[in-house]
Amino acid sequence: MQDVRQLSRLRSACSKSSQNHSTTNNNNEHNLYPTKQLKILFKKITLTLLAIVTPCNSLAAAQTQEGQEGQSPASEPFTCEAANECRDCASNGCTWTKGACQDHCEDMFDLRCYSTETHPFWANIIDYMCEVADKDEENWATCGSKQDCATCTYTMIHEAVDEGYEHPCYWHLEDLAGTGSCKPTSVDEVGGTIGADTCLERCFLGGTYSCASCLDMGCSWTGDLCIPSCNSDYLDDINCYSQSSHDNLQEGNGTMIDKICTLAEVEYGDRNVCSVQTDCHECLETYKHGGDTCQWYTDDVTGWGWCGTGECDSFGNCGTTTCQHGGVRGSSKTP
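If you're matching positions, the sequence shown starts at -1 in the working numbering and goes up one per residue.
Treat the hints with care, since some could be wrong.
Claimed, not checked - Beta-carbon label-pair distances, calculated as ranges:
#, residue 1, residue 2, range
1, Glu79, Gly308, 37 to 43 Å
2, Pro75, Thr284, 43 to 49 Å
3, Asp311, Glu280, 16 to 22 Å
4, Leu261, Pro75, 28 to 34 Å
To be verified - Below are the DSS-like pairs computed for lysine-lysine, each with C-alpha atoms no more than 30 Å apart in a straight line:
#, residue 1, residue 2
5, Lys286, Lys257
6, Lys144, Lys133
7, Lys133, Lys96
8, Lys96, Lys144
In case anyone wonders, no lab produced these hints; they're calculated from the structure. In this text, all values refer to a predicted model and were calculated from it rather than measured experimentally. Quick reminder that beta carbons are idealized off the backbone N, C-alpha and C, glycines included.
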């Protein structure tokens, strides 16, 4: 309150000073002072004006600074990279992946990519989607810290979507020497590896790897890689072969292992021929072993398309022999 009174007096003094200065000039025109008295009077007036004008100028500067500080800075446009939290990221149409915000998913098969585009069924429940994303990252960190197969597969985690479902981490073999990495998913679509929840070291070590030698050791074969076991949830998608999963080939001539390996060679070749096609029309004009053509798949949720060997995968996506639902891999638009 005292500051307000002082401010009021200072403003009044500034106003009176201006008026007095004007009056003094008028009086000087009508009164002739002796030279000495005039000098003294002029000096007094000058000192008085300086005493008043200086705080007046300070007051004006303070008021100007106060006004500038009160103005809010112009808001900068939102950028995905600036968001450091999943909810803020997804709410602005960006993609949350691996603990960072990006403009879009770099790979359509990346299961760690969360946005309202890749998960439209969660568009109205972004909080839940982000809870799943956070739990997913926690699982990747937990499994990723394990450096060997045994430690990896003995580590239990809770599924991100259904925390009531507990399962082990999966060991993904990356080369024939047994080098691998631990991940929370049995299939890594981006890296192209298949994980195992058990460790049969003999499946990783020694000898020339072939389908027959792999199955003869009690391991499983994926067409080009020997692994400890097949995961039944993705059996149709990854074309994994083992004596237990193909025991229906036991009848007839020849050993079961020979029959399984013949089937694996044919199906693996078909899968490679079809998977490289990126256009629907080219896909349907590509022939598999036996004379049938490849088929075009379209994800009903994302609209992405790709070329496959036919039938339905474990996610319910079925191949078609027409290009009505998609034309280019990664796009739902027909060319």
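Hints and how they fare:
1. Glu79 x Gly308: 37 to 43 Å: 42 Å, holds
2. Pro75 x Thr284: 43 to 49 Å: At roughly 46 Å between Cβ atoms, Thr284 and Pro75 fall inside 43 to 49 Å, so the hint holds.
3. Asp311 x Glu280: 16 to 22 Å: Since the Cβ atoms of Asp311 and Glu280 sit about 21 Å apart, the hinted range of 16 to 22 Å holds.
4. Leu261 x Pro75: 28 to 34 Å: 57 Å, violated
5. Lys286 x Lys257: 19 Å, holds
6. Lys144 x Lys133: 18 Å, holds
7. Lys133 x Lys96: 11 Å, holds
8. Lys96 x Lys144: 18 Å, holds
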